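S.K.: All chains should be built: construct the whole structure from the sequences, respecting the hints.
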Amino acid sequence: MSAVMETRPGPAYGASAPATAAGPVTQARVVRAEWTKLRALRSTWWCGLSAVVLIVGLGAAIAGSGTAYHVSAANSAAKGVSASLLGLLFGQLVIGVVGVLAFSGEYGTGMIRATLAVVPARLPVLWAKVIVLAGLVLPATMLCAFVDFFAATAIVSSRGGSAISLTDPGVLRTVAGSSLYLTVVVIMGLALGALLRKTAAGLSVFAAVFFVVPIVVGALPQKITGFAPYLPSNAGGALWGSPLDTAHALSPWTGFACLCGYAAVLTAAAAWRLRRRDA
Amino acid sequence: MLDARSVHPGLSARSNLLALARTAGIGRRRVDQVIELAGLGEVAGTRAGGFSLGMGQRLGVAAALLGQPQTVVLDEPVNGLDPDGVRWIRLLLKSLAAEGHTVFVSSHLMSEMAQTATQLVVLGRGKLISQTSVEDFTGRATTGEVLVRTPETVRLGQLLAAPGITVIYDGTDRLRVSGITAEQIGVAAWRARLPVYELTPAHASLEEAFMQVTKDSVEYHAGATR
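Line by line, the protein sequences are chains A and B.
Numbering-wise (our numbering), the first sequence opens with residue 152 and increments by one.
Numbering-wise (our numbering), the second sequence opens with residue 8 and increments by one.
Hint data in this document are derived by calculation from the structure and do not stem from the laboratory.
Bear in mind the structure is a predicted one, so any value in this text is a computation, not a measurement.
The C-beta atom is built at its ideal place from N, Cα and C for all residues, glycine as well.
Misleading hints may appear alongside valid ones.
Have a look at the derived ranges for each label pair, beta carbon to beta carbon [claimed, not checked]:
no.	chain 1	residue 1	chain 2	residue 2	range
1	A	A419	B	R147	57 to 65 angstroms
2	B	E142	A	A351	51 to 59 angstroms
3	B	L60	A	R193	20 to 28 angstroms
4	A	A419	B	G56	30 to 38 angstroms
5	A	W196	B	E142	56 to 64 angstroms
6	A	I282	B	R147	20 to 28 angstroms
7	B	E214	A	A285	53 to 61 angstroms
8	B	T173	A	A430	50 to 58 angstroms
9	A	L200	B	G56	15 to 23 angstroms
10	B	G34	A	A370	54 to 62 angstroms
11	B	G56	A	S355	46 to 54 angstroms
Reference listing, derived: stretches of chain A covered by chain B, where coverage requires no fewer than 3 residues with Cβ under 8 angstroms from a Cβ of chain B [said to hold, decoys possible]:
no.	region
12	174-182
13	192-201
Computed footprint of chain A on chain B; a stretch qualifies when at least three of its residues, placed anywhere within it, have a C-beta under 8 angstroms from a C-beta of chain A [unchecked claim]:
no.	region
14	13-24
15	67-76
M.R.: This is the structure:
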């Protein structure tokens, strides 16, 4: 503050102003800004920690309890790995929270005004958040999924079960797919946050789509639930063999493509609202 | 200036500023500079949610200065500031102007503007009412009153009495005369051989001048530039 207090005897008011320090706003710079925000927020790290505990911890607990898993014609190796990834069902909620908050948090606190004031084009903010969240969630959950896989298989084989390896059919797809699934989930959460702008609304819709609807639909008679495999969580679940899977699941990559389609539509709607509606 | 409420309460002052700085490719050093400039050095690492109104205002000013803008536009910058903060803003604005920045401030606080501004822009109902220097503005809107100090208040008062001229006695050795210039009073007193100790045309304060100029505008707004 001392620098300000001494009013320099400076020249007349007509003196030429010093050059500004601000450079042009680029997509890369907006990405750095978004990374700064995401990294500095406590909620990001609490949610991240919860997701790790849920995915790895629950996976190990499942592998350690119950009968040791044996691979047979009826029990594929991939199915065993899917079971150890059950924690994903809860982890996805935490991941969704991070996604929703990334946008609704800005609207809730008013920071969005500052954010959009420095990025008047607006859309770069959405792309930057997509890049930053995907860039954080993909490697983090990939690491979690592999740690979970190695921990769970080690526990199962030490208790006399079958040794499952990454080269068994569908195993690598299941492990890596769980991470891809969560990455698309965080983008859907982000799009919901941007679209609905309220944290409560975003989280409610997210929880309804990923938790409530699949369970309700599962309880309904098969005749009227032909659409069940196309629900986002079921379609995406096909990739990592979600235990909530229905009888007529889509093939893994078709299901994942379907999930990506939902994410693309939601993100497009979010982009439209961000661009067209006052913040 | 960015709205003082446009900060994320969960982020520290430094993180809030750094996020904005990154967008324009501004480095950490400049962020630390504006934090010092705003006097937020001790609380830079604490979450902005716990800030008082005044601290939030300082953070807003810090954000506005991040890019070293050639023109600084501040909307009611002293709102919610304590006396020390008000003084800080005043000195900050003056030093920015001395460095060659254009500082544009909108405010309803006339006394504060009278101390800070050099140029005034007065707006009323969305229309430009006046654009001039502070001295011109107050000078033009003189009250037309002349303060006279004399031991002979009653005699001088009677001497000046005429239609259109008001003389107000306040019981001391002072008279407030309007409707006649200081020169005319001086000449009249000299002719009547009455002693006069003081003869001062009263200048309106910025506030009074402002009220005079804007009395036709119901919704008005004052801005002051430097």
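S.K.: Are at least 3 residues of the region 67-76 of chain B within less than 8 angstroms of chain A when you compare beta carbons?
M.R.: holds (count 5)
S.K.: Within 50 to 58 angstroms or not, the Cβ separation of T173/B and A430/A?
M.R.: Given range 50 to 58 angstroms: holds, Cβ gap about 57 angstroms.
S.K.: Evaluate the given range 30 to 38 angstroms for the C-beta pair formed by A419/A and G56/B.
M.R.: holds (33 angstroms)
S.K.: Please check whether E214/B and A285/A have a Cβ separation lying inside 53 to 61 angstroms.
M.R.: Cβ of E214/B to Cβ of A285/A: about 57 angstroms, so the range 53 to 61 angstroms holds.
S.K.: Could you see if the CB distance from A419/A to R147/B stays within 57 to 65 angstroms?
M.R.: 59 angstroms Cβ-Cβ, so the 57 to 65 angstroms window holds.
S.K.: Three or more residues of the region 192-201 of chain A near chain B by CB distance under 8 angstroms?
M.R.: holds (count 3)
S.K.: Can you tell me whether the CB distance of L60/B to R193/A sits inside 20 to 28 angstroms?
M.R.: 24 angstroms Cβ-Cβ, so the 20 to 28 angstroms window holds.
S.K.: Per the hint of 46 to 54 angstroms, is the separation of the Cβ atoms of G56/B and S355/A within bounds?
M.R.: violated (24 angstroms)
S.K.: Is it true that E142/B and A351/A lie within 51 to 59 angstroms of each other by Cβ?
M.R.: holds (56 angstroms)
S.K.: Quick check on a hinted range of 56 to 64 angstroms for W196/A and E142/B, using CB atoms only.
M.R.: Given about 58 angstroms between the Cβ atoms, the range holds.
S.K.: Quick check: does the Cβ-Cβ distance between G34/B and A370/A fall within 54 to 62 angstroms?
M.R.: 57 angstroms Cβ-Cβ, so the 54 to 62 angstroms window holds.
S.K.: Holds or violated: 15 to 23 angstroms for the Cβ distance of L200/A and G56/B?
M.R.: Holds, at about 21 angstroms.
Against the hints set out earlier in the document, violations occur for numbers 6, 11.
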